[in-house]
Amino acid sequence: MKRVAFLLAAVCVLSLGGCMSFDPAHNRKHYQDVKEDFHNMHYDIDKAIGHDKPSPLRNQERP
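Using the numbering used here, read the sequence shown as starting at 6 and increasing by one per residue.
Just so you know, the hints here were simulated from the structure itself, not pulled from any lab data.
Please note that a few of the clues may not be correct.
[Stated by the list, open to error] In silico SDA-like cross-links for lysine to any residue, where the CA-CA straight-line distance does not exceed 25 Å:
1. K58 <-> Y48
2. K40 <-> D28
3. K34 <-> Y48
4. K58 <-> F43
5. K40 <-> P59
[Stated by the list, open to error] Simulated restraints on C-beta separations:
6. D49 <-> F27: 29 to 35 Å
7. M46 <-> S26: 22 to 28 Å
8. H35 <-> K58: 29 to 35 Å
9. V39 <-> A14: 24 to 30 Å
10. I54 <-> L12: 45 to 51 Å
Here a beta-carbon is modelled for each residue, glycine too, at the ideal position from N, C-alpha and C.
Working from the sequences, and respecting the hints, build out all of it.
Structure follows, in structure tokens:
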């Protein structure tokens, strides 16, 4: 009984991962979507804390 419960739990957990594919183009699309989401999240966080504009200190040349 424990073995069946473990297998059932394993199947449930592993099936939560979303779509599973061996197609490289399909997987590349998922990778690009995740990469774009992280980029947008980073931009939103920078905008919220005021880092979206260039710093005047970085634009000054060192003597």
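Results of checking the hints against the structure:
1. K58 <-> Y48: Answer holds: K58 to Y48 is near 11 Å, not above 25 Å.
2. K40 <-> D28: Judged against 25 Å, a Cα distance of about 18 Å means the pair holds.
3. K34 <-> Y48: Judged against 25 Å, a Cα distance of about 21 Å means the pair holds.
4. K58 <-> F43: holds (19 Å)
5. K40 <-> P59: Holds. K40 to P59 sits at ~23 Å (cutoff 25 Å).
6. D49 <-> F27: 29 to 35 Å: About 34 Å separates the Cβ atoms of D49 and F27, which means 29 to 35 Å holds.
7. M46 <-> S26: 22 to 28 Å: holds (25 Å)
8. H35 <-> K58: 29 to 35 Å: holds (33 Å)
9. V39 <-> A14: 24 to 30 Å: About 27 Å separates the Cβ atoms of V39 and A14, which means 24 to 30 Å holds.
10. I54 <-> L12: 45 to 51 Å: holds (47 Å)
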